[in-house]
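Q: Chain by chain, the residues:
Protein chains: 2
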Amino acid sequence: MAVYTEVSDEALAAFLTDYDIGAAVAFRGIAEGVENSNFSLRTTGGDYILTLYEKRVDPADLPWFLGLMEHLATRGITCPLPVRARDGNALRHLAGKHASVTTFLPGVWPRRVRPEHCAPVGAALASLHRAGADYAPTRANALGPAGWRPLLDRSLPGADGVQPGLGAELSAALEGILAAWPTGLSVGHIHADLFPDNVFFLDNALSGLIDFYFAATDILAYDLAVCLNAWCFEQDFAFNVTKARAMLQAYQAARPLSPAELAALPVLCQGAAIRFALTRLYDWINTPAGALVTRKDPLEYIRRLRFFLAAKDVHALGL
Amino acid sequence: MAVYTEVSDEALAAFLTDYDIGAAVAFRGIAEGVENSNFSLRTTGGDYILTLYEKRVDPADLPWFLGLMEHLATRGITCPLPVRARDGNALRHLAGKHASVTTFLPGVWPRRVRPEHCAPVGAALASLHRAGADYAPTRANALGPAGWRPLLDRSLPGADGVQPGLGAELSAALEGILAAWPTGLSVGHIHADLFPDNVFFLDNALSGLIDFYFAATDILAYDLAVCLNAWCFEQDFAFNVTKARAMLQAYQAARPLSPAELAALPVLCQGAAIRFALTRLYDWINTPAGALVTRKDPLEYIRRLRFFLAAKDVHALGL
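Note that the protein sequences, when read in sequence, are chains S and H.
Numbering-wise, the first sequence is residues 1 to 319 according to the numbering used here.
Numbering-wise, the second sequence is residues 1 to 319 according to the numbering used here.
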């Protein structure tokens, strides 16, 4: 739930005088999101999202994120467009935090994924990858493979308390994944967190991609592996090959996967599964048991990991 | 933080087909509020708030609340107007909960109260009291004086753990308040929770009153006592007589207080202070210490209570 910082009405009014978007007409905190404080802001000029960046985001990365969003938006990707203040800056300060204003995107994120959502997501991801190709600055993926071993080490002492044997299972899986991790695949800017709550639909068409604050420069096909994890499992953790096929085919229609990318897809999916298993495990162990914030169950990604560890090739993923 | 129940997009779409307000264009959880799940809903027909009623609200009271809001809105009070579905009902079901759609009110609630907010609040409260006069159904105030002793009894075992001596202080104060509680004052429908986060302003004018889910039928001047508690103290718990005077004078301009109401105002303020002290104390004791939900400090209202216990008459309140 995502309002960690309150903004006084005077501070908001003063902040808006530096922009050309008019004065505030409505201002409500948004419940979705866990990293930053987000507000729905209506001004006399239109609808916007105001974001205050909280401590989990490195301020040094903010210009890169905002620059990427602006780059993508101006190339036709329906993502939030950072609004520049009159001084030309999109990154400003409010209530003691770094802050930005971005355009409001219509749409509703799918609380339950249906097969017909998956092709638009695949197509949008490929478009994002293509549109990002000429954004020159890069950002290392802190939650990419180099980050997984340290993350596991910090959770190992508590892992077996979550499920007996979990520490050993994750250690063995991670060793195999890192040993098999592909090199030489196409690298570019990836969203890295394109879960259903970051994708809006309107009248069954994809209307927006949001939350670029995990974006990084990494293997493009890994982004597809994240989406296969996030969109293609049923409630009972059965992998839905119909959803996966729709996503992969739509992706390939806009950006064909090379033979090497196709061959690497199972291990990329294993990597994506263990990445979310590890961050959720860390948060699970370090969130007080009585906390009312919803801890996301790491075991949901252990289940996905097991599926992908058993997947021999891309045919097991629906292609 | 207020999204306890998720609504699938199919369920939302099906729900909206029973209304004449068009299809969903945007749907975001609202962070404000602690009792119910609230969503900002934009449809092809306009902007609305969708509320799912959670367990702290008695479903039997919902028709009364919605009826009061409709009554007030049609008499010019800027409060949410419940939208009736095509079958004529404003109270419906969604995602296993009772649900309503109400109109969206523009405005921003004041994160920091300034003196110029207080007259509009007093005037709006008086208008609300007058507009409610011909709403015939009544609702007993579960958090009125009859509820305070049981509430204290449930918190007494933990009270001294919050602050040594707190149990005895509250018991003595409550005994005095209940003994001095006035009878014969004008009774009507009160908001009973008109805190700053329930009042919107736009261009320095009051633009909306929201959250009627503590409303009840009780002493009208008690509602003013709640507002004096909620709006007229500084951060250091100093009572700001300038704010109080502005609020009281503006109230009286629309609904003059009788000599008996004026004489009773100090004890009514004591009652309002102890009411919020008691509910906060109860929640404080019964919320896990590690919970990320913000527990509201009961001692803030003990401080107010002490001020009002020392207030001899209405002159001490600024009149």
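The set of hints was computed from the structure by calculation and includes no laboratory data.
Be aware that a few hints might be false.
Since the list gives no way to pick one copy over another, a pair counts as held whenever it fits inside one copy or between any two copies.
With a cut-off of at most 25 Å between alpha-carbon atoms, the simulated SDA-like pairs for lysine to any residue come out as follows [stated by the list, open to error]:
id	residue 1	residue 2
1	Lys296	Ala60
2	Lys55	Glu32
3	Lys296	Ala11
4	Lys312	Glu54
5	Lys312	Gly184
6	Lys55	Gly161
7	Lys296	Ala14
8	Lys312	Arg245
9	Lys312	Val25
10	Lys97	Ala14
11	Lys296	Val25
12	Lys296	Ile77
13	Lys97	Leu262
14	Lys296	Asn240
15	Lys296	Ala95
16	Lys97	Arg112
17	Lys296	Gln252
Q: Since the copies are identical, ignore which copy is meant and state whether Lys55 and Gly161 lie within 25 Å (CA to CA) inside a copy, between copies, both or neither.
A: neither (28 Å within a copy, 32 Å between copies)
Q: Is it within, between, both or neither when you check Lys296 against Ile77 at 25 Å Cα-Cα?
A: neither (29 Å within a copy, 43 Å between copies)
Q: With identical chains treated as interchangeable, where does the CA-CA distance between Lys296 and Val25 reach 25 Å or less: within a copy, between copies, both, or neither?
A: neither (35 Å within a copy, 28 Å between copies)
Q: With identical chains, the pair Lys312 and Glu54 could be close in the same copy or across copies; at 25 Å between alpha carbons, which is it: within, between, both, or neither?
A: The answer is neither: 41 Å in one copy and 47 Å across copies each exceed 25 Å.
Q: At 25 Å max between alpha carbons, let me know whether Lys312 reaches Arg245 within a copy, between copies, both or neither.
A: Close inside one copy (16 Å), not across copies (77 Å); limit 25 Å.
Q: What label fits Lys296 with Asn240 when the C-alpha limit is 25 Å: within, between, both, or neither?
A: Cα proximity of Lys296 and Asn240: one copy only (21 Å, versus 46 Å across).
Q: Give the relationship of Lys312 and Gly184 under a CA distance limit of 25 Å: within one copy only, between copies only, both, or neither.
A: Answer is within: at 21 Å inside a copy they meet the 25 Å cutoff, but 82 Å across does not.
Q: Since the copies are identical, ignore which copy is meant and state whether Lys97 and Ala14 lie within 25 Å (CA to CA) inside a copy, between copies, both or neither.
A: Intra 15 Å, inter 41 Å, cutoff 25 Å: intra-copy only.
Q: Between the shortest in-copy and the shortest cross-copy C-alpha distance, which are at most 25 Å for Lys97 and Arg112: within, between, both, or neither?
A: Cα proximity of Lys97 and Arg112: across copies only (18 Å, versus 34 Å in one copy).
Q: Regarding Lys97 and Leu262, is the shortest C-alpha distance of 25 Å or less found within a copy, between copies, in both, or in neither?
A: Result: close neither inside a copy nor across copies, 43 Å intra and 45 Å inter.
Q: Is the C-alpha distance from Lys312 to Val25 at most 25 Å within one copy, between copies, in both cases, or in neither?
A: The answer is neither: 56 Å in one copy and 42 Å across copies each exceed 25 Å.
Q: When no copy is named, should Lys296 and Ala11 be tagged within, between, both, or neither for a Cα gap of at most 25 Å?
A: between (34 Å within a copy, 24 Å between copies)
Violated hints, listed in ascending order, are 1, 4, 6, 7, 9, 11, 12, 13 and 17; each of the other numbered hints is respected by the structure.
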